[in-house]
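Full structure from sequences and hints, please.
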Amino acid sequence: MIIIITNTNLNTGTETSARADKRAFDELRNLKIEAGVLERADGSAYLEMGGNKVLAAVYGPRELFVRRLMQPNRAVLRCKYNMAPFSVDDRKRPGPDRRSVEISKITSDALSPAVFLEKFPRSTIDVYIEVLEAEGGTRCAGITAASVALADAGIPMRDMVVACAAGKSDGNVVLDLSEVEDKEGEADLPIAMMPRTGEITLLQMDGDLTEEEFGKALDLAIGGCKKINEEQKKAIKNRYGE
Amino acid sequence: MIFVEDKEIVIPGDILADEEYHSGRGTFKENDKVCSSLVGLVAIRDKKISVIPLQSKYIPKRGDVVIGEVTDIRFSMWNLDINSPYSGFLPASDVFGKEKRELNRTFDVGDVLFLRVVDVDEVKKVKLGLKGRGLGKFRGGILINITPTKVPRLIGKKGSMINMIKDQTHCEVIVGQNGVVWVKGEPSMERVAEKVINMIEDQAHTSGLTDRVRNMLAKLLGIEPEETEYELGEPGPVDESDELEMSEEVEITEIIEISEESDELEEFEPPEEKEESKEDEID
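Residue numbers (this note's numbering), protein chains in the order written: chain A, 1 to 242; chain B, 1 to 283.
Careful, some of the hints might be misleading.
Said to hold, decoys possible - Calculated lysine-lysine pairs in the DSBU-like style (CA-CA distance at most 35 Å, straight line):
1. A/Lys119 to B/Lys219
2. B/Lys29 to A/Lys32
3. A/Lys227 to A/Lys32
4. B/Lys127 to A/Lys237
5. A/Lys119 to B/Lys100
6. B/Lys131 to A/Lys234
7. B/Lys7 to B/Lys61
8. A/Lys105 to B/Lys195
9. A/Lys233 to B/Lys127
10. B/Lys125 to A/Lys119
11. A/Lys227 to B/Lys47
12. A/Lys233 to B/Lys131
13. B/Lys7 to A/Lys227
14. B/Lys124 to A/Lys119
15. A/Lys233 to A/Lys105
16. B/Lys61 to A/Lys92
17. A/Lys32 to A/Lys234
18. A/Lys226 to B/Lys47
19. A/Lys105 to B/Lys29
20. B/Lys61 to A/Lys80
21. A/Lys119 to A/Lys22
22. A/Lys226 to B/Lys33
23. B/Lys48 to A/Lys227
24. B/Lys61 to B/Lys131
25. B/Lys33 to A/Lys237
26. B/Lys195 to A/Lys32
27. A/Lys119 to B/Lys47
28. A/Lys119 to B/Lys33
29. B/Lys33 to B/Lys124
30. A/Lys80 to B/Lys125
31. B/Lys7 to A/Lys234
32. A/Lys32 to B/Lys33
33. B/Lys125 to A/Lys227
34. A/Lys233 to B/Lys61
As the list claims (entries may be wrong) - Which residues of chain B face chain A? A few of them, derived with a C-beta cut under 7 Å, are:
35. Gln55
36. Ser56
37. Ser87
38. Lys124
It is worth saying that the hints were derived from the structure and are not from the lab.
Everything numeric in this text was worked out from a predicted model, so none of it was measured.
The C-beta atom is built at its ideal place from N, Cα and C for all residues, glycine as well.
Structural data, given as structure tokens:
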């Protein structure tokens, strides 16, 4: 885990937006989070971010029947990321593929540092992330929703986990890449972090960025995470009518 | 410095106070700050800050009384689901003594038992026992699952809430500390009790709950309530002063602590037919 000290030189980039959806370089897509949407799950969350629609469900801590996975001193956090066949333009063949296995793993790795797993030895916490509609940045949306679902399930955590991507598209460093910007852009940098401490729990990069651009993109993404975190807080408090 | 008010809703990672406060349940200390680890209500007592969770799983503890369902029969024990991350087992020797008998004649898979947690060992094996007043097998009735942290709220101060449900519906109601509630009575009354219990679980964090439960019971049973009716889900009467609200809030913490410390749980009444039934089963 890397601790990043953020410097405040958020550069202004391009003022008049050159982005396809007319967003400013540091503007997020429309965000909506709702907690406790599923009746039978211990905790759940539904998240909409632009064209992304993601459902997260948490079960547990519950008994782990797979003996070889059992940890004597802590719980295991099992994540499963799945895209619905109808979530993308061309029908996606159902079932796990290389991409979803990877995202499942990095989701688990991104969430684990925040959860007090040591409080539930020899048990499991299962997180299921179901992508109903995809429009770029579903792994970040999945992690953000899963974190709300974990809190909703009453699982003790050090902090919420928020994820957000930044990247480079048409030569500009921009926040929260849409599907087009992700596919046609030069670079994509999804991160997940704990907003209170500023610890980064996930950092991936696809494409090329100079050192300067990387710093700028990281600062943008951290700023985006903090904004999303406010929505997470609101979603949980709304569940209990505040 | 303290950053939150009593009974405010907090979420994981919220900073509650500075180092001069002690961290209680549901909180942790990091960099000299007390932080919440749960979604819950803040409870401040002197210099100790705790967070009462709004949702939780039951973690077995020695001495608790729980309701469990038989899931498997082994050579010399029953395995039970006790609505927890750790399943329990009931040794045959606890029921039969030294005698050898067929286990499935006594309790079969699917039977629901009222048990005591005898021991929880290092590998989280939960040993259950049937020795004690009122413990045994349930006949008929329905099971309702609630969040274990809301059990004290369902029972109410000195059993006020649970007794009201029992009196109004003429049902037998038994609550396990693992959040499983057993209700037996007229089928229509069982449904009324179920609705009321689910409502209590939904609104356990709000104040003025007792009055709303009374009104809901009256409505469902078709009796005219003694007082004016409030819409369900709306906050209780404002004119009943803030003091009442406060005392009701304190109630949650108090009862949690009482139920943790004392072994005598008056709320748990023995099922009447139980003693004989156990004899029958064994003979």
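We went through each hint and held it up to the structure:
Distance check on the hinted pair: A/Lys119 and B/Lys219 sit about 43 Å apart at the alpha-carbon level, beyond 35 Å; violated. At most 35 Å may separate the alpha-carbon atoms for a hinted pair to count; B/Lys29 and A/Lys32 meet this at roughly 32 Å. A C-alpha spacing of about 12 Å is found between A/Lys227 and A/Lys32, which places the hinted pair at or below 35 Å, so the restraint holds. With a CA separation close to 38 Å, the supplied pair B/Lys127 and A/Lys237 exceeds the 35 Å bound.
Taking the CA atoms of A/Lys119 and B/Lys100, the gap is near 39 Å; set against the 35 Å cutoff, the hint is violated. For the hint pairing B/Lys131 with A/Lys234, the CA-to-CA distance comes to about 48 Å; that exceeds 35 Å, so the pair is violated. At most 35 Å may separate the alpha-carbon atoms for a hinted pair to count; B/Lys7 and B/Lys61 meet this at roughly 27 Å. For the proposed pair A/Lys105 and B/Lys195, the alpha carbon gap of about 41 Å is over 35 Å, so the pair is violated.
With a CA separation close to 40 Å, the supplied pair A/Lys233 and B/Lys127 exceeds the 35 Å bound. Only pairs whose Cα atoms come within 35 Å are accepted, and B/Lys125 paired with A/Lys119 is accepted, the gap being roughly 15 Å. With a CA separation close to 33 Å, the supplied pair A/Lys227 and B/Lys47 stays within the 35 Å bound. This hinted pair does not check out: A/Lys233 and B/Lys131 have alpha carbons roughly 47 Å apart, beyond 35 Å.
For the hint linking B/Lys7 to A/Lys227, the alpha-carbon distance of about 26 Å falls within 35 Å, and the restraint holds. For the hint pairing B/Lys124 with A/Lys119, the CA-to-CA distance comes to about 12 Å; that is within 35 Å, so the pair holds. With a C-alpha separation of about 25 Å, the suggested pairing of A/Lys233 with A/Lys105 holds against the 35 Å cut-off. Distance restraint check for B/Lys61 and A/Lys92: the Cα-Cα separation of roughly 47 Å exceeds the 35 Å cut-off, and the hinted pair is therefore not satisfied.
For the hint linking A/Lys32 to A/Lys234, the alpha-carbon distance of about 10 Å falls within 35 Å, and the restraint holds. Distance check on the hinted pair: A/Lys226 and B/Lys47 sit about 31 Å apart at the alpha-carbon level, within 35 Å; holds. Taking the CA atoms of A/Lys105 and B/Lys29, the gap is near 29 Å; set against the 35 Å cutoff, the hint holds. Proximity of B/Lys61 to A/Lys80 is assessed by CA-CA distance (about 32 Å); at most 35 Å being required, the pair is judged to hold.
The suggested pairing of A/Lys119 with A/Lys22 is violated, with an alpha-carbon distance near 47 Å, which exceeds 35 Å. With a C-alpha separation of about 20 Å, the suggested pair A/Lys226 and B/Lys33 falls inside the 35 Å cut-off, and the hint holds. With a C-alpha separation of about 31 Å, the suggested pair B/Lys48 and A/Lys227 falls inside the 35 Å cut-off, and the hint holds. For a cut-off of 35 Å, the pair hint linking B/Lys61 to B/Lys131 stands: about 16 Å separates their Cα positions.
Restraint check for B/Lys33 and A/Lys237: satisfied, since their Cα atoms lie roughly 22 Å apart, inside the 35 Å limit. Between the alpha carbons of B/Lys195 and A/Lys32 the distance comes to roughly 31 Å, so the proposed pair stays at or under 35 Å and holds. For the hint linking A/Lys119 to B/Lys47, the alpha-carbon distance of about 25 Å falls within 35 Å, and the restraint holds. Of the pairs offered as hints, the one joining A/Lys119 and B/Lys33 holds, with about 20 Å between alpha carbons and a cut-off of 35 Å not exceeded.
About 32 Å separates the Cα atoms of B/Lys33 and B/Lys124, which keeps this hinted pair within 35 Å; it holds. With a C-alpha separation of about 28 Å, the suggested pairing of A/Lys80 with B/Lys125 holds against the 35 Å cut-off. A threshold of 35 Å between alpha carbons decides the hint, and for B/Lys7 with A/Lys234 the separation of about 17 Å falls inside it, so the pair holds. Restraint check: the Cα-Cα separation between A/Lys32 and B/Lys33 comes to about 31 Å, which is no more than 35 Å; the hinted pair holds.
This hinted pair does not check out: B/Lys125 and A/Lys227 have alpha carbons roughly 44 Å apart, beyond 35 Å. Between A/Lys233 and B/Lys61 the CA atoms are separated by roughly 32 Å; this keeps the pair inside 35 Å, and the hint holds. About 3 Å separates the beta-carbon of B/Gln55 from the nearest beta-carbon of chain A, less than 7 Å, and the hint is met. Against a cut-off of 7 Å between C-beta atoms, the interface hint on B/Ser56 holds, since the closest Cβ of chain A lies about 4 Å away.
With a least beta-carbon distance of about 6 Å to chain A, the hint placing B/Ser87 at the interface is held under the 7 Å criterion. At about 5 Å, the closest approach between the beta carbon of B/Lys124 and any beta carbon in chain A falls short of 7 Å, and the interface hint on this residue holds.
Violated hints for the displayed structure, listed by number in ascending order: 1, 4, 5, 6, 8, 9, 12, 16, 21 and 33.
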